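**Student:** Sequence:
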Amino acid sequence: MLLELLSDLVKIDDVLLIIKNSGTVSEIKSNSLSIRQKEKWITIGDNDGPAHMHINSELIKSAEFIQEEKPDRVSYSVRFFDENGDRILAAFFTKMYDDSKHLIPERKQLYDKLLAKFSSKIQF
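FYI, in our numbering the residues of the sequence shown are 239 to 362.
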């Protein structure tokens, strides 16, 4: 199910994949990324391209769809956690608002469709 969720996310334009730890933050846009799995490793992006990531699928234990209230908008994301509940990957839906700060219904529908397919909290 992890590969399926990640595959659905990388098919959506303007999803920002963020890997974060105490010393590093890496951001990759989802636009036209390939995805494949070999044994426990899921690779997003092209090994020969300018950016890609390798995800150890055995270390991701859960995911959660999160809608976070900000002062002038709501942030939409899917966050992936290890067995200790530490976030190891996040997929943020970007370009959710127009220039007038109005939510774009088509972008929200993409998020809602995934949420309905997978549920708000997922255990792997």
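These are computed hints drawn from the structure, not numbers from a lab. Just to be clear, a hint being listed does not mean it is correct.
Pairs of lysine-lysine residues, derived as DSS-like cross-links and limited to a Cα-Cα distance of at most 30 Å, are as follows [as the list claims (entries may be wrong)]:
#1 Lys333 x Lys308
#2 Lys351 x Lys299
#3 Lys346 x Lys333
#4 Lys267 x Lys355
#5 Lys276 x Lys308
#6 Lys278 x Lys355
#7 Lys267 x Lys346
#8 Lys346 x Lys299
#9 Lys249 x Lys299
#10 Lys278 x Lys339
#11 Lys333 x Lys258
#12 Lys276 x Lys339
#13 Lys258 x Lys308
#14 Lys299 x Lys359
Simulated DEER-style distance windows between Cβ atoms [stated by the list, open to error]:
#15 His340 x Glu296: 37 to 47 Å
#16 Ile342 x Lys276: 16 to 26 Å
#17 Lys249 x Leu297: 17 to 27 Å
#18 Val263 x Lys299: 33 to 43 Å
#19 Lys299 x Leu254: 17 to 27 Å
For clarity, every value in this text was computed on a predicted model and none was experimentally measured. Ideal Cβ positions, reconstructed from N, Cα and C, are used throughout, including at glycine.
**Student:** Find the hints from earlier in the document that the structure breaks and name them by number, from lowest to highest.
**Tutor:** Hints 5, 10, 12, 16, 18 not satisfied by this model.
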